[in-house]
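Residue-level listing of the chains:
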Amino acid sequence: MKITKPIVIAITLVLTIAFVALVYFGMTRARGAPVAVPPLQRATLVSHYKTQSLDLTQDVALADWADIPGTAVELVYQAMIPPWSKGLIPAVTAKSFHNDTELYVYVTWKDESENRALGVGEFSDAVALMFPLSNDAPPSTLMMGFMGKQGVNVWHWQATQDTEFWSKKSVSADAYSDFLYPFEEQETLTIAKSPLTSAVSDLLAVKVTTTTAKATQNVQGRGVWDKGAWHVVFKRALKATNAKEDAAFAHGARKLMAFAAWSGDKGDRGGRKSISDWVQLEFR
Amino acid sequence: MIETKDKLFGIVDLNARFELTKFKPVRAVLKSRWMPLLPILINLFMFVIILLAAFTGGLSAGNYNFGIMIVWILWWVLLMMMLVPGFSRAWCMVCPFPIFSDWAQRTRLFDVKPGKLGGLGLKWPKKLSNMWVMNIAFLVTTFFSGFMTVLPIATFILLGIIIIGAFVIGLIFEKRTFCLYLCPVSGFQGLYSQFATVEVRRKDWEICKNHNPKTCYVGNEKGYGCPWNRTPFDFQKNTYCGMCLECLKTCPYDNMAINLRPPGVDLLVDTKREPRGLDEAWKAFIMLGIAIVFYLAFQGPWGFFKDMVRGVTLPGYLGYIAFHTVFNLLIIPGVFFVFAYLSKRLSGNTEVPLKSVFTNFAYTLIPMGLGVWMGFSVGILLPNGSYILRVLSDPFAWGWNLFGTAQIPWTPVLTGIMGYIQGAILIVFFAFAVGYGWLLAKQIYADVKQAKRGFIPILTFLTLITLVFLWLFVG
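So the sequences go chain by chain: A and B.
When the letters of the first sequence are read in order and numbered with the working numbering, they come out as residues 1 to 284.
When the letters of the second sequence are read in order and numbered with the working numbering, they come out as residues 285 to 759.
These aren't lab readings, by the way, just hints derived from the structure by calculation.
Cβ coordinates follow ideal geometry from the N, Cα and C atoms, glycine included.
Among the hints, erroneous ones may be present.
Calculated from the model, a selection of chain A residues having no Cβ within reach of chain B, i.e. all distances over 10 Å [claimed, not checked]:
#, residue
1, Gly26
2, Val120
3, Phe131
4, Lys244
Covered by chain B, according to a simulated footprint, are these stretches of chain A (three or more residues, beta-carbon under 8 Å) [stated by the list, open to error]:
#, stretch
5, 9-20
6, 255-262
Short, incomplete list of chain B residues facing chain A, as computed with Cβ under 10 Å [what the hints assert, rightly or not]:
#, residue
7, Ala300
8, Leu343
9, Ala388
10, Leu455
11, Trp586
Take these sequences, add in the hints, and give me the full structure.
Dropping the structure here:
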């Protein structure tokens, strides 16, 4: 068949129309069904003023938090590994108050098992709060690498660290390392560990893989596991010690924050965790 | 091949060649009509899967989509790190997109039909027979990079436009006009293939001179005349050679060869038939500029810019397009122009035109740009490469596990030293840019003294570009 001008025009038209129709079909249907995207609704955690101070050396008193309204914060499993769409920890409830000098944040979530030890294939339960250090953090992502030059301040409570710090118990497993290389008479692989100053690690991150412990640890915290749920309290001076490294809070101000939680018995550790979207922390 | 007395870095003989086709089995394979048809058909099958995955993936997450992962992680990285620098336009050899128009023109898929090709067979306008359309096409394509690398349907749209475009253009215009002057991917492959370590060239000029008709150009019963409209008997640069292997088939004297060669020898070629030009210079500027913008958007820590590229807000997205266009088309060439002007002034040569200095030295950006893109590709591959293993086993995210790799978690590899790997690559290619820059300086200026003085600003520019990227890569 000889290809003539009308044939080329007809082929071009048919292909273009078919392609546009196909793209329209694909754009309006993902995985075969129309997709409705609900409008973004950001949760707000209100930090009320209270004259009370909490002494964390006396354990976590749940009664202190009973009358404070909580904010349910949904978590999703990170998109990095399976099961992507299943939340291993579907939600946490957060509460907060301040007394003009100290900020307290309480986080609770359901967890059937208390994981306070480390071992081979055994991981710690944990929870973390993240605050962008810059006030113009991008609203569309909370990935730690994309917060601008200043990065983020992360308060990371771990059940194992809590046990070590408050109960002075060792959490390491029975595994050991042979410190002596063959033919070496002295230890060559010594273990170095900084003395703990808190059950909470006060961290900084600027880009992916840059999570670093701050030189000064300014956050205290304590957790208790009770009847299938964790209750963790964070405490920090309202005023930032170092404006470049500590999240800044102020009475009457608003601040973005995000939550992450780890379920040790389900294999969560490191980047494997459940995370929230941005939550607005509001000081009243 | 143009003989040159110059040696790269003073030691590498640029006339050195090793003919791969001197081995009979190699030549036999390349002369078979199954080559490159068989790899094209395999590739076509792969692209059917890619298109289906990208279409069914719709608006879902790109990092678990076969289409996005294979195209933007595997293919792009292979192209920039291996195919182009190593094997010239080997991708064009196996690219499945023109197969439909080839089929329509030839009415044959496998064997050769002598005579006039089908289709309207119009000639592409002479004024557009260069890289300018491809420059714009590629730049416009990158406007949508924030969608194509994230949304499977966007990749489907891009590939669909290219496939339909290749087919329709093949029906209207002669031979591989689409590949030559329109394909967005073709331009940078052509440019960077000048650096490649492989070439298709005639062996003995005397044989070609006395051979009439020139079957490599007009075709015979063994194969088609050059589909890329080249004259294989005398071309000197890889830029527009699509490595389709037809000339190896049609030469009755086996006078066409595939050679291994030192990287970058085409950079010194400037003949009447294949002159250095502003279109290629701008391609080099655009590629360098896009590498900077892409790094900022995809591997940098600047969230606000990422949001602009992803079109989170319309003003932000329009701002990105405006910045991207001005930066690539005006700012980068403008800055280079200043250094070219300084080169001419410093050289003391008043006869050589500034345009010539500007255009010729722009070719130093070919090794420089290639190194930058290789570094950028490392930054794509090491953090994201593990996704490929997953999607190979479950291409449509339907829960398959074809090769037992569907459960492999995201595993960044060597990201702790990634910046140093990128930096090392950059420095190697900076060395090539400087090496060739010096040889170009000697071509541009009348004597070595002028060349030395004239090269200083260009060396400064190349050093600054390297430092900028070292800062971006290593921090």
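Going down the list of hints, with the structure as the test:
A cut-off of 10 Å between C-beta atoms contradicts the statement that glycine 26(A) is not in contact with chain B; the least separation is 5 Å. Non-interface call for valine 120(A) relative to chain B: holds, since the shortest CB-CB distance, roughly 18 Å, exceeds 10 Å. With a minimum CB-CB distance of about 15 Å to chain B, phenylalanine 131(A) clears the 10 Å threshold, and the non-interface call stands. Against the 10 Å criterion, lysine 244(A) stays outside the reach of chain B, whose nearest CB is about 16 Å from its own CB.
With 5 residues having a beta carbon nearer than 8 Å to a beta carbon of chain B, the stretch 9-20 of chain A meets the requirement of three or more and the stated coverage holds. Under the rule that three or more residues need a Cβ within less than 8 Å of chain B, the assignment of the stretch 255-262 of chain A is violated, with 0 such residues. Here the hint on alanine 300(B) is broken, as its CB sits about 43 Å from the closest CB of chain A, past 10 Å. For leucine 343(B), the suggested interface contact is upheld, since its CB lies about 5 Å from the closest CB of chain A, less than 10 Å.
Because the closest C-beta pair between alanine 388(B) and chain A is about 7 Å apart, less than 10 Å, the hint holds. Interface restraint check for leucine 455(B): the shortest CB-CB distance to chain A comes to about 5 Å, inside 10 Å, so the restraint holds. Hint on tryptophan 586(B) holds. Least Cβ distance to chain A is approximately 7 Å, under the 10 Å limit.
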